[in-house]
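In order, the protein sequence lines correspond to chains A and B.
Quick note: the first sequence uses my numbering, first residue 1, plus one each step.
Quick note: the second sequence uses my numbering, first residue 1, plus one each step.
In case anyone wonders, no lab produced these hints; they're calculated from the structure.
Do not take every clue at face value.
To be verified - Below, simulated SDA-like cross-link-like pairs (lysine to any residue); rule was C-alpha separation at most 20 angstroms, straight line:
| id | chain 1 | residue 1 | chain 2 | residue 2 |
| --- | --- | --- | --- | --- |
| 1 | B | 289 | A | 72 |
| 2 | A | 24 | B | 80 |
| 3 | B | 289 | A | 79 |
| 4 | A | 289 | B | 289 |
| 5 | B | 195 | A | 150 |
As the list claims (entries may be wrong) - Now the stretches of chain A that chain B is said to cover, found in silico as 3 or more residues with beta-carbon under 8 angstroms:
| id | stretch |
| --- | --- |
| 6 | 148-160 |
| 7 | 169-182 |
| 8 | 245-253 |
Claimed, not checked - Simulated restraints on C-beta separations:
| id | chain 1 | residue 1 | chain 2 | residue 2 | range |
| --- | --- | --- | --- | --- | --- |
| 9 | B | 280 | A | 36 | 31 to 37 angstroms |
| 10 | B | 74 | A | 22 | 38 to 44 angstroms |
| 11 | B | 222 | A | 167 | 26 to 32 angstroms |
| 12 | B | 292 | A | 53 | 24 to 30 angstroms |
| 13 | A | 167 | B | 91 | 51 to 57 angstroms |
| 14 | B | 289 | A | 281 | 33 to 39 angstroms |
| 15 | B | 197 | A | 36 | 53 to 59 angstroms |
| 16 | A | 314 | B | 42 | 56 to 62 angstroms |
| 17 | B | 292 | A | 299 | 50 to 56 angstroms |
| 18 | A | 194 | B | 201 | 57 to 63 angstroms |
| 19 | A | 102 | B | 4 | 52 to 58 angstroms |
Using N, Cα and C, we set each Cβ at its ideal position, and we do this for glycine too.
2 protein chains.
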Amino acid sequence: MNSKMVLTMDIGGTQSRVALINDKAQVVKRTSVTTEEGEGYKKVIATIRDYFSKPELDSVAGIGIAIAGLLRSDSGLLLSSPNMAGWINVPIRQIFSDEFNLPVYTGNDASLAAQGEYRYGAAKGLENFVYVTVSTGIGGGLMLGGEMYIGADGYAGEVGHMTIDPGGPQCACGMRGCFEAMASGSAIAREAREKMASGVSSIMIDMAGGDPGELTAELVERAARQGDALAKEVMHNAAVNLGLGLSNLIVIFDPEAVVVGGGVTKSDDLIFAPARRVVAERAGCYFQKDVPILKAALGDDVGLIGAAAMVLDSI
Amino acid sequence: MNSKMVLTMDIGGTQSRVALINDKAQVVKRTSVTTEEGEGYKKVIATIRDYFSKPELDSVAGIGIAIAGLLRSDSGLLLSSPNMAGWINVPIRQIFSDEFNLPVYTGNDASLAAQGEYRYGAAKGLENFVYVTVSTGIGGGLMLGGEMYIGADGYAGEVGHMTIDPGGPQCACGMRGCFEAMASGSAIAREAREKMASGVSSIMIDMAGGDPGELTAELVERAARQGDALAKEVMHNAAVNLGLGLSNLIVIFDPEAVVVGGGVTKSDDLIFAPARRVVAERAGCYFQKDVPILKAALGDDVGLIGAAAMVLDSI
């Protein structure tokens with residue numbers, strides 16, 4: 001077995017993925033687990049111990065961890081994660097290093113995804129781009145002048161928490177009108193729930209088995225495709241807000257492109273296309289040029305692959 | 001006379017400054033002129049020819065131009081400038097090079113101001129900071145990893161045109177709710193005018209000689225200091241909006257500090273202090289740390305000095 005195997009994980013707000021990756025950054029074996037609150041890293045460790053054989057784990061030369069949240073670059077301490085309740089002050093690098101007795105490298109999931117797309121995906125050859133991932137939350141990775149920019153403490157790229165409407169809805173972070181609170185998957189689900197609670201009729205209530213608490217962005221999208229007026233309105237609002245947020249990033253960074261990943265890339269006509277129109281109207285008009293909004297190419301594996309690239313570069 | 005004299009100018013929305021600067025980046029002689037619409041650069045050239053003697057101009061080894069607007073880094077073409085009507089597609093580098101037969105270096109005013117503060121001012125020793133200038137408009141300069149980041153075409157740092165409220169007032173750029181339209185000097189004057197037009201009473205109408213068109217941010221500030229309720233409200237709104245915009249930049253860049261320059265630095269208690277409180281509540285709370293909001297140190301000369309540094313580094 002190749003001695004340069006890498007164990008990587010991508011710990012996100014909803015799901016944590018784990019994979020064994022070879023030195024060509026190809027996924028050899030993978031699994032996933034629901035991200036639990038509190039000491040959820042214990043579940044991730046248990047999953048790794050269960051799923052991979054001892055010889056497989058013995059072949060691992062290093063561990064790469066991509067995680068959604070504020071991660072100190074110096075210590076690998078996870079300060080907090082708005083979409084992972086209870087993951088507060090978790091010394092994630094230390095925990096995995098103690099558990100597996102291997103070198104552990106950590107990075108913000110969106111920063112590592114940007115690195116993955118730069119090395120192997122949609123952003124090959126781009127020296128200046130912003131990567132934005134839109135799923136449960138919204139995260140960002142900044143490739144500037146061919147280098148990842150992570151800021152003073154490693155927190156840079158928290159684009160999901162820029163305010164795009166001070167009167168907007170409450171965000172998981174506690175602020176109001178964050179980009180994430182207005183254009184993410186959870187924003188879509190929340191707006192649909194709120195509008196239904198205020199009495200707007202929709203096929204979504206039946207689709208959710210009568211329980212608005214069961215509404216998800218995927219369900220809203222399906223309802224929109226079936227012509228449900230409320231669902232269409234909610235999807236459109238999210239798309240416009242996505243376009244607003246991307247326009248902000250374009251006027252700030254003047255990037256060669258913006259690369260968008262996450263669940264939203266699956267809603268091409270409902271989200272991507274209208275968001276692109278807003279960008280063309282706003283940032284495009286201001287800069288008198290079209291800044292391409294590219295779809296991420298590496299799909300759900302992007303965090304795993306970016307984390308593997310980080311480890312392979314280091315060991 | 002020192003052969004390494006530099007002629008620099010800082011062409012802004014309201015005023016253009018011109019100076020002769022020595023190789024220690026000290027201003028030796030200076031003047032200024034109101035920035036005119038259309039072919040306003042002709043007035044700048046005439047001012048230089050009038051004000052400086054032939055021996056002075058003969059001593060100049062290079063020209064540095066800081067300008068407010070979208071300036072292509074490759075050609076020195078000014079694409080447009082939201083606050084300088086008619087300055088559209090002006091080949092500013094070419095014009096000054098033809099006129100003075102000297103090497104001409106151009107840069108966005110806020111980027112060069114950031115460079116000036118980094119070399120000689122409030123940002124000495126900071127490798128990662130955002131410079132924000134708040135006067136007629138709002139501009140930004142990005143020092144990231146010890147290098148100026150100017151983006152793909154040189155337009156990066158247009159932080160004044162990020163949307164912070166999609167329902168906000170119209171901006172000079174044509175969009176709505178831009179940071180500049182909500183926190184700049186012109187935003188302050190406009191909000192005061194609009195509120196007075198809608199019948200709110202204020203001492204400002206007398207201060208402006210009965211003509212709301214004569215209202216300026218300085219006048220609003222003076223009225224606020226005299227206790228005028230409307231003026232105080234307008235100043236407070238601008239301060240809160242400034243805090244919002246700065247918070248956005250902090251969550252995006254995780255900088256060591258934000259350096260704020262421009263006219264606003266003179267309104268410490270009315271603008272700076274409340275803006276700092278908003279930043280502490282929003283970005284500070286999210287990152288669980290205080291990101292210092294520093295006042296620029298070089299005052300009105302910052303663009304001139306930054307432009308001189310650019311020329312001195314190049315010739």
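Each hint, compared with the structure:
no.	hint	verdict
1	289(B) x 72(A)	holds (12 angstroms)
2	24(A) x 80(B)	violated (47 angstroms)
3	289(B) x 79(A)	holds (11 angstroms)
4	289(A) x 289(B)	violated (38 angstroms)
5	195(B) x 150(A)	violated (43 angstroms)
6	148-160	holds (count 11)
7	169-182	holds (count 3)
8	245-253	holds (count 6)
9	280(B) x 36(A): 31 to 37 angstroms	holds (33 angstroms)
10	74(B) x 22(A): 38 to 44 angstroms	holds (42 angstroms)
11	222(B) x 167(A): 26 to 32 angstroms	holds (30 angstroms)
12	292(B) x 53(A): 24 to 30 angstroms	violated (52 angstroms)
13	167(A) x 91(B): 51 to 57 angstroms	violated (43 angstroms)
14	289(B) x 281(A): 33 to 39 angstroms	holds (37 angstroms)
15	197(B) x 36(A): 53 to 59 angstroms	holds (57 angstroms)
16	314(A) x 42(B): 56 to 62 angstroms	holds (57 angstroms)
17	292(B) x 299(A): 50 to 56 angstroms	violated (41 angstroms)
18	194(A) x 201(B): 57 to 63 angstroms	violated (40 angstroms)
19	102(A) x 4(B): 52 to 58 angstroms	holds (57 angstroms)
Hints 2, 4, 5, 12, 13, 17 and 18 from the list above are not met by this structure, while the remaining hints are.
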